[in-house]
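Build the full structure now, drawing on both the sequences and the hints.
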Amino acid sequence: QTYENLEPRTSSGTAVAGAGAEGASAAAAAGAADGAAAEEPPLTPEEERVRSALVRFYKSRSTDKLGNVDRIARRYRGDNVVDLWAALGIKYSLPPPTAVMWLSRTLGVQSVVQWPKGAVPQSARQALQRLEAPEAPSGGEAAAAGSSPPTRAALLRAALEEGDLDAAGALAFREGCPEDGLRPWLWRAFIGRESSSSGKGARDDEAPKRRAAYAELRAQAPEGDAGRLRAEIEADARAVWRGEQFSGRPEVVDAVVALAMTQAQQCERYVRGTCEIAVLLLFAMSGGGTGSVADAQADAFWCLSRLLSEVQDSISDDSTLAEQARRAHELLRVYDPPLADLLSSHGLNALPTLRLGAVLFTRCGLTLVACVRLWDTLLADPARFAFCDCAVVAMLLLRRGDLLQRSSISGLAEMLLEIPSKADVGALVDTACAICAFERRKGLDYPPRPLEEADSGAYAAAALDQAMSAAQTRLTSIWGKVRAAGAEAAAQAPAWAQQARATAKEVAASAAVVAASAADQAAAAASAGIDQAAAAASAAIEAYERTHKERAPRASRSRAPSPARRAPRRPRSRKGHRHCSWRRRSERQGGGAKRHGGRSGRALGCRRGVRSSRADLVQDACF
Amino acid sequence: MASEKEKDQYDYLFKFIIIGDAGAGKSCLLHQFIENRYKKGSSHTIGVEFGSKIIHVGGRNIKLQIWDTAGQERYRSVTRSYYRGAAGALIVYDITNRDSYNHLVNWLQDARTLARADTSIITVGNKCDMKDKRAVTFLEASRCAQENDILFLETSALTGEGVEDVFIKVARVILNKIEDGLIDPNTMVSGTHTGSQRIGSDSGGEAMSSKTCSC
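If you read the sequences in order, they're chains A and B.
The numbering of the first sequence is our numbering, which starts it at 1 and goes up by one.
The numbering of the second sequence is our numbering, which starts it at 1 and goes up by one.
Everything labelled a hint here was simulated from the structure, so no lab data went into it.
Virtual Cβ for every residue (Gly too), placed ideally from N, Cα, C.
Treat each hint with caution, since some may be false.
[What the hints assert, rightly or not] If you want the footprint, here are the derived chain A segments under chain B, 3+ residues with CB under 8 Å: (1) 229-236; (2) 318-326; (3) 346-359; (4) 411-419.
Right under this line is the structure:
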């Protein structure tokens with residue numbers, strides 16, 4: 001479904017208003033059964049616009065929500081309409097261009113999209129509310145006259161008088177400046193916002209002072225290669241805004257040359273795009289070309305010098321332009337992935353920004369009137385030219401159907417470059433405002449954001465993942481919390497696993513070192529122990545042998561029991577001690593000693609006993 | 001409106017590509033050809049630029065779709081895709097910069113391998129208004145072009161000298177090839193198309209604008 005294949009709008013708000021009549025009967029039929037609805041106050045025009053759009057939307061979706069449209073329209077009026085289409089976008093999986101289209105048609109006067117929700121200045125909100133509220137009657141005939149709300153021009157003039165640029169910005173952002181005669185003051189106020197401490201900009205009563213200052217600057221003698229510079233500027237002044245009747249007027253060309261020359265001498269360089277901006281400023285400051293160009297010159301120079309000091313990098317610096325192109329393409333990738341992919345596949349990522357948004361849209365092919373209208377919004381934006389990205393993407397969305405159908409790269413490029421010349425500036429601003437609304441509303445989960453360097457498949461997966469994540473975040477169930485914790489754990493798992501592996505390696509390494517050290521110590525201790533034990537055993541043997549030698553003669557005389565005999569006995573089998581058993585038998589038989597050839601059985605038994613004791617000593621020392 | 005449309009109709013559509021070292025003046029050349037004025041303070045091209053213009057050659061209206069590529073090495077992968085299907089190629093060098101002339105052979109090789117073997121190629125020595133800083137003589141560049149069987153001209157994007165001649169010369173060569181039957185204008189890969197076919201099949205963009213460059 002392409003953007004322009006949906007029902008085309010004719011002008012700001014009229015398409016939806018017209019469709020409202022169509023949907024009204026359906027909604028009335030559906031809502032008639034609802035008795036409570038009759039007690040509700042009538043819908044405001046803005047609520048009616050939302051309701052009509054909802055009726056059409058729900059009818060196209062074949063849902064049973066038609067009975068709730070009044071309630072939904074009341075709930076999502078004003079700024080909340082952004083939340084409405086974000087929620088519907090998620091629920092019905094709307095492609096972002098479709099949601100942008102619906103939102104652009106339902107943004108009302110009270111929808112403040114240039115500030116984040118909750119950060120709208122009080123004065124801005126009040127100024128918009130006064131547009132719909134009837135003025136307090138002041139008695140008599142004035143009471144009858146005051147029953148209608150004040151006009152936007154009156155409110156804008158009052159805001160400028162008070163120097164309330166928030167209120168002026170709120171009144172001018174969506175709909176632009178309502179009167180050509182008011183625009184010079186409005187633009188001076190917005191352009192001089194940074195330099196004016198009072199916020200009142202350059203007032204009309206200060207015009208003589210500005211003219212005198214400009215005349216003084218022009219009178220200064222040109223320095224250096226002024227002749228060549230003048231020739232170059234004159235060539236530019238004749239070439240810019242080709243086809244526009246205003247820019248072809250001789251006095252306009254002269255004024256543009258004078259402005260650009262003065263500006264170049266002040267800045268000591270001629271900034272590319274000066275002539276384009278100068279023509280636009282002259283057109284605006286002369287009341288849309290109807291006033292005196294000569295009188296408008298000083299105001300135009302005042303604005304030009306301040307504007308160029310603010311934006312000259314963004315219109316001439318390579319790196320800044322490249323960054324703008326990257327940013328706009330990323331925004332397009334969010335709002336129209338197929339178109340972004342198509343441009344990427346042809347290497348045309350930067351072309352929309354560099355050609356459509358060139359020199360703040362003064363070179364792209366818009367008419368002077370259309371460009372002035374777009375500048376009303378650009379200058380009223382508190383984010384200051386950040387709206388340019390939204391406008392570039394809006395231009396592409398407005399012709400996305402044609403662009404996507406182009407088979408050849410050259411055809412695509414030509415179609416892209418001719419968008420501004422055929423664009424309806426009202427639709428362009430509305431679409432850009434809708435994109436701006438989605439972008440600056442914090443906390444919206446719509447449209448889904450693609451991952452960096454993602455292809456279309458990965459983008460779909462990422463969008464699905466984001467939608468799932470958003471849905472689960474909204475759940476208050478324990479499962480939602482568990483999943484969130486699980487997701488967090490899963491996300492951290494690789495880091496943890498790596499950490500665990502590193503720790504395990506460290507522990508294993510230290511354990512190995514400790515074990516090796518312990519083994520060394522044990523081996524050394526064992527070696528020392530063996531030596532000591534061997535020494536002790538040798539000493540014991542020697543001592544025993546000395547003792548045995550000393551006692552042997554006495555033992556043969558007194559038959560005293562040998563030391564080995566007194567030592568604790570171990571269980572021994574009879575078989576292993578045949579000589580002992582033999583001795584016991586011989587003792588039972590009597591006088592058996594003689595059969596041993598003079599050696600007593602005691603002596604045999606003791607020798608065997610000495611060997612056992614020696615082995616036991618060595619064995620005990622080792623273990 | 002009808003006369004406007006008739007004025008914008010064309011008999012043939014040729015795809016051109018402009019290549020060459022960074023700083024040789026490719027974008028200024030294109031801007032001078034499309035807008036008839038010098039592009040002061042021109043910055044490096046980011047990726048590619050595009051322009052189109054209808055010229056009158058040999059009794060025919062010929063629409064040129066011209067792709068101006070970035071000369072910087074970092075955009076080389078992007079710009080290589082634009083060679084395909086180009087009927088004409090302009091290899092631009094700076095006559096005051098010897099290196100840009102020395103790299104001519106590389107650009108020629110790229111054009112012959114990435115475009116078509118029969119792509120009409122012209123070597124353009126730009127900045128010929130800066131004669132006192134000349135580093136490449138006319139004779140030397142002319143001989144080189146002759147050896148490589150390609151066209152050669154010197155231009156000045158600043159003054160506009162020779163700029164239109166470059167495009168007309170290449171367009172005439174391509175037109176001759178079509179009339180001799182060497183190129184079939186109905187095949188997409190040839191880089192040429194007949195006007196009636198384009199207008200009928202791809203209404204809108206191609207046939208509606210005669211000048212679409214404001215780079």
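Unmet hints by their number, sorted upward, for this structure: Result: no hint breaks.
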